[in-house]
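Go by the hints and put chain G onto chain A.
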Amino acid sequence: MRKLTFAQALNEALRQEMRRDPTIYVAGEDVGKYGGIFGVTAGLLEEFGEERVRDTPITESAIIGSAVGAAAAGLRPVVEIMFIDFIGVALDQLFNQAAKMKYMFGGKAKLPIVVRTTCGAGMCAAAQHSQSLEAWFMHIPGLKVVAPSTPYDAKGLLISSIRDDNPVFFIEHKMLYGLEGDVPEEPYTIPLGVADVKREGKDVTVVATMAMVHKALEAADELAKEGIEVEVVDPRTLSPLDKETIINSVKKTHHLVIVHEAVKQAGPGAEIAAMVAEEAFDYLDAPIKRVAAPFTPVPFSPVLESAYIPSKENITSAVKEVLGK
Amino acid sequence: MPVEKEKLIELYRTMLKIRLFEERVAEIYWEGKSPVFNIAADPIPGEMHLYIGEEAVATGVCAHLRPDDMVAGTHRSHGHYIAKGGDLKKLMAELFGKKTGLCQGKGGHMHLFDANLHFGCGGIIGAGIPHAVGAALAFKMQGRDNVAVSFIGDGAANIGAFHESLNLAAIWKLPLVVVVEDNLYAISVPKSKSTAVKSNAERAAAYGIPGVLVDGMDVMAVYEAAGEAIARARRGEGPSLIECLCYRYRGHFEGDPQLYKPEGEEEEWRKKDPIPNFRAKLIKEGILTEEEANKIQEEVAALVAEAEKFARESPWPEPEEALKHVFL
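Chains as they are written, first to last, in my numbering: chain A, 1 to 325; chain G, 1001 to 1328.
Hints are supplied without guarantee of correctness; some may be wrong.
[Said to hold, decoys possible] Dumping the calculated DSS-like pairs for lysine-lysine here, alpha-carbon to alpha-carbon at most 25 angstroms: (1) G:K1193 / A:K33; (2) G:K1193 / A:K289; (3) G:K1198 / A:K33; (4) G:K1198 / G:K1140; (5) A:K264 / G:K1193; (6) A:K108 / A:K202; (7) G:K1324 / A:K312.
[Stated by the list, open to error] A few chain A positions that, by computed beta-carbon distances, are all more than 12 angstroms from chain G: (8) K110; (9) N166; (10) Y188; (11) A224; (12) E244; (13) F281.
Because the hints were derived from the structure by calculation, they are not lab data. All figures in this text were calculated on a predicted structure; none of them were measured in a lab. No residue lacks a Cβ here, since even glycine has one placed at the ideal position from N, Cα and C.
Okay, chain G solo, but in the shape it has when bound:
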């Protein structure tokens, strides 16, 4: 089925929003980290896991989701949150540890939560998969046609929670889609040394559910595969597994020397970069003109700049805030 022009432009805009947001985050992060690397230094303290290179996955999947569908993210989830329609200002302020952040500075970049968008993520690998199973269970029991999507890295597919969750979702026929972002590495360990099968899509057979492997650098390929899996879930036909082959251009975290990546590997994957390639495709097909594409770029850059300004100007939380929210 042909995809509407507006949708195609939206896919491009979302990928770009993730990319420009994170490129700026990387610059701001290093502002405070040189010449001496102190991980706790301002303006963005703590660990930083960036999604740059993987934008097509979150974008292609979330394009099918409604605000009341649930997304469980990972430790690398700015992209999922932005693709779900997240608030750049609150996101940036959370990264800064400011009071106006998504979680009032309590969570930081790995622990984002937005009740309005049914979005949550966290720092324990694989922990979000059963949460998505639970959301899917709730949707089914409530008679709603919503779906829950769990994004995970390829590293998480080797943890017990992945297998327990797929089995449970399959026997209960829940509206769940698990999206594996195979970026080739679990921190430094290559997939060939961590995973007994070539593609995690094969593992779907163990739970009697559909499993597909798609090119995670091609937003349309992701969009199509996710569309099928999500429609199937909404129809009440049960869970699916999608593995998206992609690449993270940066380290596992900022500061990772990436000695485990073979020389020339990144250059090869740069050729498949989803954003310039999709832009060229849209221009070639007459969906966008150069001018229109440039205008989108400017608009998105302005949003990012606005988010940064908001975060920089926002107040710190009061120290006493540390004692709040242990119980409600």
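One chain only, chain A, in its complex shape:
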């Protein structure tokens, strides 16, 4: 099959959806001529023009707030917040306005908004450009939270997010943009709220998100040589969370390790672990283990940053620990 990078897959999703639906517009800082700081919106300005591909000032609150208004008035905004770290400036518009309006107004306001953003460390971009804040958004009823790990998933999930009538917070890990993978040319959707088993195995379930999916798969390859069969589950959508796929996997393997780059304290793994403890405790043969970043801001120095980001070795040792090996 044809290969695209993660960034190209997202670009194709935007392009195909914009061709299909004239109510879609894109707005954000440097999304026009520059084509997005990571190239995701490259070429959209040339194809769709300035009306539908809008460079904005540095004005995050108005970027999301205007998307709320435009969506309520009948458009389908796909807006970009350049780094997830910048969302603090615009948070009210996201969690008090976009997320709550449908509910507060008795289900009458349709708000088809996609807020795309980047997360993650690995570029030595330090504490204000490297965070993984997905758990914040999982805590807000009314927001869908999407977090793809492959080019294939990125395209299908973005198309579904654009077609969804709810606000979707779509998180792209910046270290994945260059990752290549099979991507069909035709438009396709991947339903939100459905996890994907990235590798089957019978001994232990590893639930991993975004960039950590790939480290989990590398760890699984290595552990396979030692006879340990790891099942890697990628939730793909963090809210709503596909509990069923995770629980079914745990019922099969009886062991659970959760891996994410967000800090461990109150990270997405806390929710997943609690959910499994509540709903599948009897199937577990060992305590659940979380592999996550330590409870610190992201440090700058490469030595410190690599100590900070969860490694393949952290995953293999956590797997061995839950298996008592």
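Coordinates of chain G only, in the frame set by chain A:
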């Protein structure tokens, strides 16, 4: 009022220090980034936003400041820090991510902090403006005649914090000076497409404070405008806004292809380059001889070389350092 000879030479030396420091940083940055661009590669990892071309602004403003006056910088703040009297060695070591850096390698080039100089900066656009408002509030409440200066880019003047801060500083009559460095672009977006007024100086009227537009490529023009605003703040007469029209010769960050800049634009601005122009002026007016100017150049280059050597030879932090300083 005529400016003393020593002050003029100091202005020249400071601009040159910023320029030579950053030119060397750019060279070192690319050492590890070619042929394949890996942003996290040594010796200077991460994003790099250089101030080259804008030196007259930081220099002209900070020349009026004392060590205990406060400066809130931006993501592009090497120049502000150096102009405030910053330590080149610690600054360079921080850029390298070394243990001896200004922030022990925790912050990197966007997140610099020096308590002795009351200097801080960060990576979130506009976030420093309310910090400067707070410092100004503290100075006023403490009965000190210090001032707080917030440097921002023209892009930051469109974010809520800018407007909230100016209003608050105006109603509380705080000793604040906001200096907008209008380098024509917010990353790639030209000011004409981001800003509803021609000059941000006009926005001062909305808060009932003085606002002036000055040539940010002319260190004396900046020096004079800043002198007035800072003196006014010290007298307890409240905040001011200064917009300095200037140009960044390099990209928003190193590696930015700069396709948004029209052809020939940089050449036009090179003619206004504050450093060679000021040097020529000082020589013409008999303030400096060619020999003296060359000597300053050599002295400054030696300082930069010393800072580089210090950074290269400094140790990395221990990995466990990552866990420290979350709480005190």
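Problem set entry | Hints not upheld, ascending by number | 2, 4, 5 and 6
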